[in-house]
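Q: Take a look at the letters that make up each chain.
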Amino acid sequence: MLDALDKKLLKTVADLEGLPKGAYNIRKNGKLLDRQKSANIDIETNAEGTGIIVTIKPHTKNESVHIPVILSQAGLFDLVYNSFIIGEGAEVTIVAGCGIHCGTSEPEGHAGIHDFQVGKKAKVTYVEKHFAMGDGSGRRTLNPTTKVFLDEGATAEMELTQISGVDEADRLNEATLGPGSLLLITERVLTEGEQRAVSTNNIIMQGSGSRANMISRSVMKGNSKQIFHATMNALAKCFGHIECDAIIMDNGTNETMPALKALHPDAELTHEASIGKIANDQLTKLMSLGLTYDQAVNRIIQGFLK
Amino acid sequence: MLELKKLYFTIQDDDVDNGIPRNIIDGINFTFEKGKFYVITGPNGSGKTTLAKLIMGINPISSGSIIFEGKDISKLSITERAKLGIAYSFQQPARFKGITFRDLLAIATGNNDEKKFLEMVARVGICPLSFLDKEVDATLSGGEIKKIELATTIAANPKLAIYDEPDTGIDLWTIGPMVSLLKKELSPNTTTIVVSHNRAFLDAANVIIIIDKGRIVYTGDLKSALPLLTDLSICAYHNNCERDQDAGCLR
Chain A
1 MLDALDKKLL
11 KTVADLEGLP
21 KGAYNIRKNG
31 KLLDRQKSAN
41 IDIETNAEGT
51 GIIVTIKPHT
61 KNESVHIPVI
71 LSQAGLFDLV
81 YNSFIIGEGA
91 EVTIVAGCGI
101 HCGTSEPEGH
111 AGIHDFQVGK
121 KAKVTYVEKH
131 FAMGDGSGRR
141 TLNPTTKVFL
151 DEGATAEMEL
161 TQISGVDEAD
171 RLNEATLGPG
181 SLLLITERVL
191 TEGEQRAVST
201 NNIIMQGSGS
211 RANMISRSVM
221 KGNSKQIFHA
231 TMNALAKCFG
241 HIECDAIIMD
251 NGTNETMPAL
261 KALHPDAELT
271 HEASIGKIAN
281 DQLTKLMSLG
291 LTYDQAVNRI
301 IQGFLK
Chain B
1001 MLELKKLYFT
1011 IQDDDVDNGI
1021 PRNIIDGINF
1031 TFEKGKFYVI
1041 TGPNGSGKTT
1051 LAKLIMGINP
1061 ISSGSIIFEG
1071 KDISKLSITE
1081 RAKLGIAYSF
1091 QQPARFKGIT
1101 FRDLLAIATG
1111 NNDEKKFLEM
1121 VARVGICPLS
1131 FLDKEVDATL
1141 SGGEIKKIEL
1151 ATTIAANPKL
1161 AIYDEPDTGI
1171 DLWTIGPMVS
1181 LLKKELSPNT
1191 TTIVVSHNRA
1201 FLDAANVIII
1211 IDKGRIVYTG
1221 DLKSALPLLT
1231 DLSICAYHNN
1241 CERDQDAGCL
1251 R
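First to last, the protein sequences are chains A and B. Heads up, the first sequence is in our numbering, so the first residue is 1 and it goes up one at a time. Heads up, the second sequence is in our numbering, so the first residue is 1001 and it goes up one at a time.
Bound-form chain A, shown alone (with noise of 0.2 angstroms):
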């Protein structure tokens, strides 16, 4: 059953007061804890036994899956390969997210490898939350890959999400578009002290008409680092946009490499990318509004990482 420090960690990273309704899944430190599917959504165990099978039946409207990872066990390293094949014509939110709750000084981590298959004009919500928290000295790592592959007239929206206390990231995203397919990403990455977070996007524009539109908002706190990078690949007629932005605070650095790839003639590629500390008409706006210099800076980074 959930106790206390559970419930605070779903809380956290899929937004859960309790069970969730619908279909779910949720693991805690390497093993699976609870499971509900429904008449449209399927989840096995793999084959190998490293993880869960989401299966979503063609034309599903309006349903969720919920799939937290939790870990509180000192010392775990826990790996998990999740593949979530949606049916064509359905529409499906997917809740994934890990929360790691770290107590002494050993290393926990957690490293989730999701693929999409995402079937024609099918329709798919991804929203994905990072959080580890805990006196614990060891070090809280989490190494998420996603895979997506969109089907003719696919639609995929990924909101990813790094809030707090994760030690060091490194993310691999991958995406391959099928003719006239849609993927929008958003990625929020918030680090602070010494932590230190990877974001690598390789986006395969393939199908005609494919549109891809990824978002990029990191602040550094602290001495922590950030190194982004996005690669537009287009071998159709597409439009590919990237758009990252970073705010330094204190001693932060931030390294971002936005890359377009035309190889195609009909290919429009766009990307703007903006790194600098909290603009300063900004701040002085807010307090001419009576806020005070610290309550701005919340407000402004609050807005950015909404």
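Check before you lean on any hint, since a few could be wrong.
In silico DSSO-like pairs for lysine-lysine, Cα to Cα no more than 30 angstroms straight-line [said to hold, decoys possible]:
(1) A:277 x B:1075
(2) B:1134 x A:277
(3) A:306 x B:1116
(4) B:1083 x A:306
(5) B:1134 x A:123
(6) B:1083 x A:277
These are computed hints drawn from the structure, not numbers from a lab.
Keeping the supplied structure of chain A fixed, place chain B upon it in accordance with the hints.
A: Same frame as chain A, now just chain B:
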């Protein structure tokens, strides 16, 4: 209600004027009376915006003092001045990411009253309801963001409202209603200072203040100001101009 005493704002730049200090605001003395509508005008670069920013505390004064309702606020922060009831509308408003018009109104008013917000939005000539949840970001047009700026200033219900060129980017049809709105906002408790060149504001002013080279060169009504304005508006180099000497233009 607001008194400026021997106000100076001096800059010293080693690369400019051989490092000799230059007074951007050059000893201004003036008293603003409660509830009046003031328009500050003058040539580009004369110090109008700098003066407005000194009052709000955005730039620190070099010497002199600013007395607001009997209290010396010269050393107070922007936040402290805002809390005393001074509001400022920027010429080029800040653009944010992830902060909506509603968020700014909530910060300005300190509450979340939707009915009040809508009233406010309608008053500044922004109609659709959806506008309230629009992000105040780079996608807004120049006119839209100026209206939002104005609304947040009015929403703060200030004792002293300072507007720096509120008509920039605003369409011609909105300027008239905007002037009457700002005047209407002028309850007996609000003093308004507008920095503007726009005739519509000049017409509405109780008192016109003309600034040139960091000094007040005129205060009074529009009628007597007009000859001076015509003269000043032609060229910022009028003091150095050799006029009919037929020398090269300094511009």
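Q: Now tell me if each hint is right for this structure.
A: Verification of the hints:
For the suggested pair residue 277 of chain A and residue 1075 of chain B, the alpha carbons sit about 26 angstroms apart, so the restraint of at most 30 angstroms is met. Distance restraint check for residue 1134 of chain B and residue 277 of chain A: the Cα-Cα separation of roughly 24 angstroms lies within the 30 angstroms cut-off, and the hinted pair is therefore satisfied. Proximity of residue 306 of chain A to residue 1116 of chain B is assessed by CA-CA distance (about 25 angstroms); at most 30 angstroms being required, the pair is judged to hold. At most 30 angstroms may separate the alpha-carbon atoms for a hinted pair to count; residue 1083 of chain B and residue 306 of chain A meet this at roughly 27 angstroms.
A C-alpha spacing of about 26 angstroms is found between residue 1134 of chain B and residue 123 of chain A, which places the hinted pair at or below 30 angstroms, so the restraint holds. For the suggested pair residue 1083 of chain B and residue 277 of chain A, the alpha carbons sit about 26 angstroms apart, so the restraint of at most 30 angstroms is met.
Against the hints set out earlier in the document, no violation occurs for any number.
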